[in-house]
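Once you've looked at the hints, dock chain B against the given chain A.
Protein chains in written order, with numbering that gives the first Met the number 0: chain A, 0 to 413; chain B, 0 to 413.
What the hints contain is simulated information worked out from the structure, not anything from laboratory work. Any given hint could be a false lead.
Chain copies aren't distinguished; within one or between two, either way the pair holds.
[To be verified] As a list, the in silico DSSO-like pairs of lysine-lysine whose alpha-carbon atoms are at most 30 angstroms apart:
#1 Lys286 <-> Lys39
#2 Lys39 <-> Lys112
#3 Lys15 <-> Lys145
#4 Lys7 <-> Lys286
#5 Lys267 <-> Lys282
#6 Lys358 <-> Lys31
#7 Lys326 <-> Lys7
#8 Lys15 <-> Lys112
Protein chains: 2
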Amino acid sequence: MSKGGTSKRAAEDINKQQKKIKNIDEVLKLVKKLAEQGRKNTTAERSLAELDLAHSVREVVDKDADAVLDEIEATMLEVAQSILAGNGYSFDIPSRAKGNQLYVPELDRIVLKDTVSKRPFASSQACRKTAITTRILGLVHELCNKQINVTKRDLFYTDVKLFEDQRESDAVLDDLSCMLGCTRSSLHVVASEKGVVVGRLTFTEDGDHIDCRRMGVGGKAIPPNISKVSNIASDALFILLVEKDAAFMRLAEDRFYNDYPSIIITAKGQPDVATRLFLRKLKLSLKIPVLALVDSDPYGLKILSVYMKGSMNMSYDSSNLTTPDIKWLGVRPSDLDRFNIPAQCRLAMTDEDLKTGRKLLEEDFIKANPAWVAELELMLKKKEKAEIQALSSFGFQYLSQVYLPLKLQEGDWI
Amino acid sequence: MSKGGTSKRAAEDINKQQKKIKNIDEVLKLVKKLAEQGRKNTTAERSLAELDLAHSVREVVDKDADAVLDEIEATMLEVAQSILAGNGYSFDIPSRAKGNQLYVPELDRIVLKDTVSKRPFASSQACRKTAITTRILGLVHELCNKQINVTKRDLFYTDVKLFEDQRESDAVLDDLSCMLGCTRSSLHVVASEKGVVVGRLTFTEDGDHIDCRRMGVGGKAIPPNISKVSNIASDALFILLVEKDAAFMRLAEDRFYNDYPSIIITAKGQPDVATRLFLRKLKLSLKIPVLALVDSDPYGLKILSVYMKGSMNMSYDSSNLTTPDIKWLGVRPSDLDRFNIPAQCRLAMTDEDLKTGRKLLEEDFIKANPAWVAELELMLKKKEKAEIQALSSFGFQYLSQVYLPLKLQEGDWI
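Isolated chain A, as found in the complex (with noise of 0.2 angstroms):
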């Protein structure tokens, strides 16, 4: 451990952390409890039809090519079928308004209502709209037939002429995916991805065998399209959930899963779709705890509700992007004292960040938790942050080798 930077009394400080730490399998107890809590409450998540709910809701879930074609080549038959007879041709779309949302509490996420508006081909107003339908309904059924992935991006550029501007397809984009019943990614419309994952991890991608334990530093970089992972295999105790890429290069240089078996994901900064999904996927298929390590300010807090609660524009795909239950490991509000940064490394929260902390204070997400209430209120009342990067302060090393085991071996996670 490097004490380069801290004066005599920090040092002192640091090397009685340090003699705190106890062998590996002492570390490690805690989070096994938890670890096997996680399987025994695996109360297989309930679905929509086992509740009697007094709306008849929708919601969209992952389906494969062949059932997205189903779904596609019923729609059409439905069209030709209306044509034929002399009716001409509509879709029904549900709507996606927010008066058209419903929060279901036994589940906690959101799903459609069953207001839904006819676009039909016959009216100057909805012509074009129901065009672009068509068209990319087709254009669909083609990626799915090939199994191939484009990004919104390519999806527009295949006809300019007609969509004009790519507002319009990915809107329409969003449509079918209610309409259809389905993800985004079950239409093979991918995100381009950002994050990466290294640590005690294997699965295959597109036939590949791929063992994130040898990934070097710079880690596996995590697939845009998920329906091309398979073979989810782990020793690991928990997935670690990382904010900043500097924190998560830290870790993988110094190898911190081969003593503390984990994987080590980050999506470096606001969480992408594709990492999302990846996270989601990990903890659905290994039943282990997800731990976040964030910086102590309301941006952290934002980020995890994002993996958490997904966004509201999205809120009928929130289930299948969300991972309801992440531990806040670190770094917390009460670290700060606890782990006494120095004055210097902690900023002060500027009247934005201010405002934003308060307006958390109202989430659910949040308020479901008195422990992360208490945590937040600290941190308005010191009017404090830090970044994970302040730990820097007690040594390079100072992350992997005191500060994560200590906070493990205490159970320190709320």
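Coordinates of chain B only, in the frame set by chain A:
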């Protein structure tokens, strides 16, 4: 091939193009020739020492950890001797100002002339900066000793009290790089990476064997620390440098490199230091041509200039970051008409675009190549730009199945 989005005439065009494509061996004939030329032309990059320069000049080179440790220890020995002799101490810091930069046409790169400024400890003006320099020398010594890599941000946080502002520690780090005559990555301070690679390439990264032929569609994240990369091996004929993520994804999913032996790299937009170092290392080790696929707009050329020339403010480090010999494969302004890119997929250049384009015409790396000048002049005359994705208007796989094979077969790079 999908021709879904195209008129009958366009479909005929695509058919004609497809028929032109011969068997793989024929397609690769010209690329093979180019690769052979490349291998013959290895008149070993000339070094500064071989040139008879009027000025005594200074350049920075990659050094291993032991060499950097030696440099630091020699520097500190001088410091100690100076103090013991009762003279206090000071550092000699090479100036990085524009007036101290010299373009050496024989080497086609910028080096630093011999202006050096004293940084004495016993000066009220320089004292703080000298303290910071000494401190960072100590920290870099620790990093090289432990063989670990950190980010600039980590470095800053090790002593916020002294550094106060990250710009201070960053600037001194650049000073040290010039003073010790080694690259920033030799100081074990690395940039965060965002590039990915896939294709016919194997290497060792921090002891792990990495096989980029088996990296699914997501690819391998390019490592932040190039010094951990060794044993580079490949049977590829060329490196395909791609500007954007979406095109990378298309080529990775289609396993373009199976039929056309290649290594595919992208930095997902603006090139980062890690990707530039990686490309350079591949080019030097494998001695195969680099073909670039960028948007047909001034920004695409700007990106090429960063790979080829580097950025001005790191000029002293440029020779370690750049890959001077890159061929511009596409999408070139002349391709728009040649491949009949539909009018609605072409975008009008903005005033800003035109300004950037005209400035580029003045740059040496453009002027050095008349074919590039002609293309850029055509762009400015037509006032049209186009993204790589515009090729999707002929079908999602047109890029990998028609456009690139035709380009390669015809040797259509400049």
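* Homomeric proximity label, Lys267 with Lys282: Cα distance no greater than 30 angstroms -> Both ways: Lys267 and Lys282 sit 19 angstroms apart in one copy and 28 angstroms across, limit 30 angstroms.
* Evaluate Lys358 and Lys31 at a C-alpha cut-off of 30 angstroms and name the case that applies: within, between, both or neither. => Neither: 35 angstroms inside a copy, 61 angstroms across copies.
* To do: State whether the alpha carbon distance between Lys286 and Lys39 is at most 30 angstroms within one copy, between copies, both, or neither.
  => within (9 angstroms within a copy, 56 angstroms between copies)
* Is the C-alpha distance from Lys7 to Lys286 at most 30 angstroms within one copy, between copies, in both cases, or in neither? -> neither (44 angstroms within a copy, 53 angstroms between copies)
* Status of Lys112 relative to Lys39 across identical chains (alpha carbons, at most 30 angstroms) -> neither (33 angstroms within a copy, 69 angstroms between copies)
* Taking 30 angstroms as the upper bound on the Cα-Cα distance, should Lys326 and Lys7 be classified as within, between, both, or neither? -> neither (34 angstroms within a copy, 57 angstroms between copies)
* To do: Check Lys15 against Lys112 for me: Cα-Cα at most 30 angstroms, and say if that holds within a copy, between copies, both or neither.
  => neither (57 angstroms within a copy, 51 angstroms between copies)
* To do: Pop the pair Lys15 and Lys145 into one bin, within, between, both or neither, using alpha-carbon distances up to 30 angstroms.
  => Intra 61 angstroms, inter 23 angstroms, cutoff 30 angstroms: inter-copy only.
Hint compliance for this structure: hints 2, 4, 6, 7, 8 are not met, and every other hint is.
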